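Chains as they are written, first to last, in the numbering used here: chain U, 98 to 438; chain Z, 98 to 438; chain D, 98 to 438.
No wet-lab data here; the hints were simulated from the structure. Please note that the accuracy of each hint is not assured.
[To be verified] Not the full set, but computed from the structure, chain U residues with beta-carbon under 10 Å of chain D:
| id | residue |
| --- | --- |
| 1 | Arg132 |
| 2 | Ile135 |
| 3 | Trp428 |
| 4 | Thr430 |
Predicted model only: the values in this text are computed from it and were never measured. Ideal Cβ positions, reconstructed from N, Cα and C, are used throughout, including at glycine.
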Amino acid sequence: MDFVGSHILSVDQFDRGDVELVFRVADRMEPFAARQKITRVLEGAILSNMFFEPSTRTRVSFGSAFNLLGGEVRETTDIKVSAISKGESLYDSARVLSGYSDVIAMRHPEAGSVAEFARASRVPVINGGDGPNEHPSQALLDLYTIRKEMAARGATIDGLRIALVGDLKFGRAVHSLCKLLGRFNGIHFNLVSPPELTAPDDIVDALKSARHSVNELFRLEDGIRDVDILYVTRTQEERFPSQEEADRYRGLFHVNQHIYTEFCEPNTVIMHPLPRDSRTIANELDHDLDQNPNLAIFRQTDNGVLVRMALFAMVLDVVDQVERSARDVNWYTAKRDPGRT
Amino acid sequence: MDFVGSHILSVDQFDRGDVELVFRVADRMEPFAARQKITRVLEGAILSNMFFEPSTRTRVSFGSAFNLLGGEVRETTDIKVSAISKGESLYDSARVLSGYSDVIAMRHPEAGSVAEFARASRVPVINGGDGPNEHPSQALLDLYTIRKEMAARGATIDGLRIALVGDLKFGRAVHSLCKLLGRFNGIHFNLVSPPELTAPDDIVDALKSARHSVNELFRLEDGIRDVDILYVTRTQEERFPSQEEADRYRGLFHVNQHIYTEFCEPNTVIMHPLPRDSRTIANELDHDLDQNPNLAIFRQTDNGVLVRMALFAMVLDVVDQVERSARDVNWYTAKRDPGRT
Amino acid sequence: MDFVGSHILSVDQFDRGDVELVFRVADRMEPFAARQKITRVLEGAILSNMFFEPSTRTRVSFGSAFNLLGGEVRETTDIKVSAISKGESLYDSARVLSGYSDVIAMRHPEAGSVAEFARASRVPVINGGDGPNEHPSQALLDLYTIRKEMAARGATIDGLRIALVGDLKFGRAVHSLCKLLGRFNGIHFNLVSPPELTAPDDIVDALKSARHSVNELFRLEDGIRDVDILYVTRTQEERFPSQEEADRYRGLFHVNQHIYTEFCEPNTVIMHPLPRDSRTIANELDHDLDQNPNLAIFRQTDNGVLVRMALFAMVLDVVDQVERSARDVNWYTAKRDPGRT
């Protein structure tokens, strides 16, 4: 795809070459995100951060990524704050608001709304999540994390063995990640879910016809052996027909240090799209793993800044100017181990 | 008026020379708002954007205008977030908050509140709308748009023929625009409204005594022939005594491409203060006009950035420094046709 | 204490030397806060301003202080906007969000929550108030104001005579100020409160064992004679057993110009942590004092910017670079009398 001036709406836009290009640009953002260097390449540019649904993490990540490139951020964080509630069409909102900024990052609770907005926008729009539909920068940061973690182990994405655990029926993050992984070669998928929450047929069929190996499993201990990546998501318990039925599976989807030690290979990487639900009733990923160096969940969110910086730089066509204007950071920066949290 | 250090509270502050001065400065902001050039003239300055009532459009427009001049923006978007709800006087809020910024843009639901705030503020305050009372930057951007659209047709504001359509009784935007137009010469006003929603007598009388031509009309097709500008506003249907009565007028105030073609001169400019209500029940300005090149509603909001940049630059006395520090934009910018949407 | 890279969570961290160091740095911030000069020393740095409880004043003060040093601000202003409401632990929020910024300012309604957040954060955290517990920058700005006001009268903090008036039992600001004052020598405290709302024993005992003079009084006119500083707080009337009992004390704690003239020494400085409750039912500090040059309440909030700039500069280790990069302000700035409001 041609990134310059493009909307980023769906992982379907990205072929393998596109994904790898984003990752190479993201690598170059590391010194800036790690506060070793600063760049002012987007000084004077404005991001309109439009979040019509709460998401502190994604909103601040987009905003900080733009700030790290030197740009300014104008935010809208509440749909009730918007003229949309007064009967204004998305078309009008897009035409108007795209006159106030150079690029827009947008989250909206309704599937398709961000694409509809983008059609009327006069500046590039990046989808920050449109309900159950798409959240492409999340899938890219997940895959970017996998690539980095595997590289640290001397391996690549090709040939990866990954367990995806939890609600695979409704989980937007898992669907998009599967699509992106499907662009690579010889991936071994363990899809671990309750029988009621298996991955949609079209996802599974597409992986199989691209000659990936796909195992659908219902018990945690069956699925998490012999994998490089253990990707945990929350079980959407409220979707079960009854609480009793939900209770049947809860034990299977509680990952903690004990289960990790008993069933996983020693260096298995643990991932989660976050937020993890740490209430006792859910707790799909226990805090007793917080000191485990293979827990990559905070490296994921750190990588999100790199990927979003890359997308902004590519869409606004400043990739090759970023380093040219770099200078050293002159303030105290906390030690951030780039390899380990 | 002397703009430097002044509050901008009301269109009553502006004589014709003031209006024309603002417009000449706004013209000079075009390359910056169009992202051809950037300026950092207000680098280090802080705008406090205080919106005690929701208004995404106006809030982001003020904020982006300030960013485009190089300044920073601190925002407050919810009156419940404020100490005002704990019994603090507007006087205290103004004294305190004016210590945190160089200029304040403020919207508040109560008439007169922004002026009261300004009296206690130690920095200039720009009224971004105080309930039914004033919204001077809206009136200025409307008139600036009229000037530009007429100039593209080889004409001026003097001698303008304009139809103002909709709720002329309560519409703040229309009242302020009439006042500003009244400073010019030989304006022909067609005031088209339901009989219950005619413009206030003092507005009409002032226009007549300044020797403008004023026709009050009740049917859309009578009012929109032979005008240069068709300025549509929403009908405040909820103010009618009954829904049946409201229904009698609804057809008259629904402007669409068919009505435009049948009744208007070929190049009549269509304006609206936005947001337009696109729900079927209202729909005073139909989306079938969106491709009509004479639809100026998005040029209006674009012009709003220019006018607000001009006001900031004039109040903070940096007009002549803006171009001095200009440099070219180095990122991708969408094609924005300055003449047509 | 070593400020570089430290969390600022409690006044207990500050010994007298630390306090005096903060004040000397705050003095150097004056030309920047007064918009005589600008510095860009933190250009490229990001403050995450996380307010999980409304506080316009403190939030904007932190944000403006960071902007005045050249940094950018990303804000979160509503706990419902946060993943915390979806079962995310403070630990996760802190790990994630500290990857997006260089320093965090945080307010939270629960005592201890900011310290808990700080333990997991990878960047320095400044406590902007954690419920009834601590608000160290408020105590520092109060004491900094006292130092400045006394210096203008040729005096020092040592030997200060101060009346603290109002709810001394629950008032967080008063407790912290007492602790900081206790680090100095020979302070004369008049603690004026209703009998039900006297200061906690541990506060009073600590002051006495440090050989300060402490008088506990119940009538306003007994406590406000012979003091240099009259520090008024709101009476938390809702905590009284009955409205009748609350009514008994209301007159005592209403400070106005008449009472000031009758009972106070001519140059007694009037302070208040703000917001003051100006509703008739409360009105602990009357607006008829607004023109009194000894009313220091708005100098307090102005000083808050200086103190917060100092804390940011010290924690991020840029104190000695601030002036090096200074340049003159080139826009209109309102006259701000640094000595008098």
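Taking the hints in turn, this is what the structure says about them:
1. Arg132: holds (6 Å)
2. Ile135: Holds, about 3 Å.
3. Trp428: This hint holds: Trp428(U) lies near chain D, its Cβ roughly 4 Å from the closest one there, short of 10 Å.
4. Thr430: Holds - the Cβ of Thr430(U) comes within 10 Å of chain D, reaching about 7 Å at its closest.
Hint compliance for this structure: no hint is broken.
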